[in-house]
Amino acid sequence: MIVPKVVRWMDERLRISGFSKATLRRIFPDHWSFLLGEIAMYLFLILVGTGIFLTFFFSPSAREVVYNGSYAPLRGQHMSQAYESLLNISFEVRSGLVMRQIHHWSALLFVAVIVVHMMRVFFTGAFRKPRELNWIVGLTLLTLALLAGFSGYSLPDDLLSGTGLRIGYSVALSIPVVGTWLAFLVFGGEFPFGNIISRLYVIHILLIPGAIGMLLGLHLAMVWRQKHTQFAGPLRSETKIVGTRMWPTYAIKATALFFLTAATVCLLAGLFQINPIWVYGPFDPAKVSAGAQPDWYLGWLEGGLRLMPPWEVRAFGLTIPNPFFPGLLIPGLTFNILYAWPWIESKFITKDREAHNLLNRPSDVPVRTAIGVAGLAFYAVLFVAGGNDVIAGLFNLPLELVTRSLQVLLLALPLVSGIVTYRICRQLKNRGAARHAHGHVIVRTSDGSFETVEPEKA
Amino acid sequence: MTVTEIEEKRAVRRIAVAFAISALAGLSLAAVYVSGGQVQAEGLLLFLALAGLGWGLAEWAAKLLPSGPEVGDYADPPRPGAEREVAEVVEEGWEESFGRRKFLFRMLGAAAGAMGLALVFPIRSLGPSPGTSLLRTAWRRGSRMVREDGQPVRAADLAVEGILTVFPEGQTDQADSQTVLIRLDPSVVRPVPGREDWTADGLIAYSKICTHAGCPVGLYRVATHDLFCPCHQSTFDVLNGAKPIAGPATRALPQLPIEVDDEGFVVAKGDFSEPVGPAFWNMPQ
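Order-wise, the sequence lines are chains A and B.
With my numbering applied, the first sequence corresponds to residues 1 to 458, in that order.
With my numbering applied, the second sequence corresponds to residues 459 to 743, in that order.
No lab work stands behind these hints: they were computed from the structure.
If you're wondering where the values come from, they're calculated on a predicted model, not measured in any experiment.
Be aware that one or more of the hints could be misleading.
Capping the alpha-carbon separation at 30 Å, the derived lysine-lysine pairs in BS3-like fashion look like this [what the hints assert, rightly or not]:
#1 A/K5 - B/K521
#2 A/K227 - A/K240
#3 A/K240 - B/K521
#4 A/K129 - A/K351
#5 A/K429 - A/K240
#6 B/K521 - A/K21
#7 B/K701 - A/K287
#8 A/K429 - A/K347
#9 A/K227 - A/K129
#10 A/K240 - A/K351
#11 B/K521 - A/K227
#12 B/K727 - A/K287
#13 A/K240 - A/K129
#14 B/K467 - B/K521
#15 A/K21 - A/K129
Just so you have them, the derived chain B footprint on chain A, three or more residues with Cβ under 8 Å [claimed, not checked]:
#16 87-99
#17 160-169
#18 184-193
#19 239-249
#20 268-282
#21 289-298
#22 396-407
Think of the CB as a built atom: it goes at the ideal place given N, C-alpha and C, for glycine as much as any other residue.
Take the sequences, apply the hints, and build the full model.
Written out as structure tokens, the structure is:
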């Protein structure tokens with residue numbers, strides 16, 4: 001066998017035995033929800049692979065050209081070289097379109113899986129001591145994933161993404177005191193910013209993926225060092241970990257998961273069109289399309305801009321513009337609270353500063369779960385509001401009614417869902433506690449069968 | 459054969475089928491590429507090739523390999539020499555070096571701080587100073603109105619309720635100068651006090667840039683005489699100084715004073731009434 005031979009050759013030179021043996025024997029707890037982060041990592045690999053292919057054909061240039069390619073409806077139109085090169089990737093480069101679509105679908109799923117992974121970590125208390133640092137690294141990875149998405153989908157220089165950029169510029173402009181300078185430095189000047197595409201390109205293909213790669217390494221190293229958390233169960237405790245060994249079973253399962261993840265995005269990419277930039281047309285600062293929605297993970301920000309009432313602060317000759325509140329204050333608060341959450345919780349809610357390897361069930365900590373559900377409800381309403389015009393059109397309702405209802409829901413739904421969640425968790429917790437206190441009661445019925453009943457009914 | 463042996467045999471057969479499907483799909487994928495490529499076929503074949511591999515390996519791990527559960531320890535066994543806390547080692551080294559030389563340590567801090575500050579300055583190269591660029595547009599007294607293709611606009615070009623996107627002549631690349639020119643029935647316009655002579659023959663001109671987040675206010679709804687921004691649905695009353703009547707915008711669209719010159723061309727009488735576009739912190743109020 002060649003593999004053991006290679007390993008022996010390496011071991012004789014690099015003495016990898018000590019570290020590698022421990023690695024191969026490592027135990028991973030089994031639970032479907034522990035695979036979410038792994039899927040995100042595989043999507044990152046797919047994004048890097050397809051992204052490298054795309055860089056060979058994309059030209060990040062704002063230079064104006066006249067299109068003369070094979071897509072007839074746009075022939076003769078003036079457009080940037082960036083947009084033209086994207087049309088060429090889609091229509092001229094063989095297997096270019098499937099690569100582009102795999103890249104875009106993977107990006108959408110990448111953010112989605114990270115969000116679900118984070119929800120799992122939050123609701124099971126996996127961020128508690130000793131894993132607070134990894135929570136911070138994970139949140140930073142989410143931030144970077146959002147920036148990667150925004151910078152990437154702005155690159156084609158089509159009408160939709162150009163509109164996204166100008167909204168981003170307006171939000172940057174709205175920051176008190178530093179907004180004008182910040183917007184000019186980030187975008188390289190006043191709208192429509194000559195060289196933003198080349199700037200975004202460097203950010204998208206070098207800075208962000210580099211940072212994601214490094215932090216991903218750190219994220220994994222910390223999981224490695226601290227070992228994965230597990231749910232309570234037979235033999236499992238704060239000191240004993242139960243699961244599958246790294247080699248060979250877990251490694252082969254993980255490889256299988258990589259292929260299945262890749263298979264899923266390829267199926268989506270082949271059968272479901274995504275971001276058809278040739279339909280939107282090239283960017284023109286004097287044009288805009290109706291019913292325009294950003295990629296899903298920016299929907300909550302777009303929804304906030306749409307739901308914000310027409311208020312802004314004007315005092316002492318200074319202005320805090322309207323887009324500042326939904327565009328920066330809400331996301332700023334969101335991420336700050338999330339970053340601080342492990343400490344907020346241990347100081348004010350659970351008063352628990354012990355290290356944990358066993359996970360909570362969501363009902364174990366009703367306050368945390370209630371706050372989490374309320375938060376999700378808040379962002380869900382914002383997300384829906386990002387498509388208020390689509391909803392109004394779909395159900396034939398007046399736009400103002402839809403907007404007004406969503407404004408009310410934005411305040412009411414988190415409150416109601418939080419309270420209901422809290423009640424349910426309390427009940428589940430009490431029931432569990434009662435069962436632990438009294439044990440199960442098995443009774444024999446008159447016809448001879450057995451049945452488990454609640455202790456208090458026995 | 460025992461039950462497990464039968465099950466194992468079945469698993470082996472299924473895994474072999476999965477890998478065979480994958481191999482066939484892989485070969486077909488190559489054939490599709492050679493014959494010119496086709497996105498749906500490529501997606502489907504990639505799916506089959508990858509899913510075959512994934513399914514086969516997953517089944518292999520689940521049915522043919524030991525699956526535990528195995529038990530291990532969370533804490534690694536203590537290593538020799540690990541008894542002394544790392545913090546102690548750090549503290550000792552600190553005392554030996556910086557702790558004993560407070561003056562030098564402060565000088566080191568000053569040098570590092572000064573260099574750090576100097577390294578911030580190149581960020582300034584990333585963009586120009588905002589200066590007055592947000593306060594002014596390319597419109598000047600006497601600027602002739604042209605369409606996006608550079609063709610000048612005559613007053614007679616627009617019928618009542620007609621709308622055009624216009625720029626100052628020679629400045630069609632100045633995005634901040636984009637303007638909507640609308641012809642109204644002169645009897646319905648209620649001019650803002652002080653702007654009675656800013657319109658000509660029912661022609662009225664407003665900045666096309668939404669005062670909320672900067673999208674072009676692209677949609678003119680004739681029935682209600684309002685301009686609607688499709689991005690965040692701010693709505694501006696054209697008859698009443700383009701004041702916002704719905705949506706998140708808080709400020710009216712700036713108005714451009716216009717007149718018709720002797721040759722019948724529409725010209726500006728100056729720049730906009732206020733800075734155009736989204737607000738910023740030190741915007742004149």
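Now the hints, each set against the structure:
Using a Cα cut-off of 30 Å, the hinted pair A/K5 and B/K521 holds, with the two alpha carbons roughly 27 Å apart. Using a Cα cut-off of 30 Å, the hinted pair A/K227 and A/K240 holds, with the two alpha carbons roughly 11 Å apart. Distance check on the hinted pair: A/K240 and B/K521 sit about 26 Å apart at the alpha-carbon level, within 30 Å; holds. For the hint pairing A/K129 with A/K351, the CA-to-CA distance comes to about 12 Å; that is within 30 Å, so the pair holds.
For the given pair, A/K429 sits about 25 Å from A/K240 by alpha-carbon distance, which is consistent with the 30 Å threshold. Annotation: proposed proximity of B/K521 to A/K21 holds, straight-line Cα distance about 24 Å (limit 30 Å). For a cut-off of 30 Å, the pair hint linking B/K701 to A/K287 stands: about 22 Å separates their Cα positions. For the proposed pair A/K429 and A/K347, the alpha carbon gap of about 22 Å is at most 30 Å, so the pair holds.
Annotation: proposed proximity of A/K227 to A/K129 holds, straight-line Cα distance about 13 Å (limit 30 Å). Only pairs whose Cα atoms come within 30 Å are accepted, and A/K240 paired with A/K351 is accepted, the gap being roughly 25 Å. At roughly 26 Å between alpha-carbon atoms, B/K521 and A/K227 fall within 30 Å of each other, so this suggested pair holds. Taking the CA atoms of B/K727 and A/K287, the gap is about 25 Å. The hint holds against a cut of 30 Å.
Distance restraint check for A/K240 and A/K129: the Cα-Cα separation of roughly 17 Å lies within the 30 Å cut-off, and the hinted pair is therefore satisfied. For the given pair, B/K467 sits about 10 Å from B/K521 by alpha-carbon distance, which is consistent with the 30 Å threshold. Our distance criterion of 30 Å between C-alpha atoms is met by A/K21 and A/K129, whose separation comes to about 28 Å. With a cut-off of 8 Å between beta carbons, the region 87-99 of chain A has 4 residues touching chain B; three or more are needed, and the interface restraint holds.
With 4 residues carrying a beta carbon less than 8 Å from a beta carbon of chain B, the region 160-169 of chain A meets the three-residue requirement, and the given coverage holds. With 9 residues bearing a CB less than 8 Å from a CB of chain B, the region 184-193 of chain A meets the requirement of three and the coverage assertion stands. Judged by the Cβ-Cβ criterion of 8 Å, the region 239-249 of chain A is covered by chain B as claimed, because 9 of its residues qualify and three suffice. Only residues whose C-beta sits within less than 8 Å of a C-beta in chain B count toward coverage, and the region 268-282 of chain A has 4 of them, enough to reach three; the restraint holds.
Counting residues of the region 289-298 of chain A whose beta carbon lies closer than 8 Å to any beta carbon of chain B gives 4, which meets the minimum of three for the stated coverage. Taking a C-beta to C-beta cut-off of 8 Å, the region 396-407 of chain A contributes 3 residues in contact with chain B, enough for the three needed, and the coverage statement holds.
Checked against the numbered hints listed earlier, the structure breaks none of them; every hint is satisfied.
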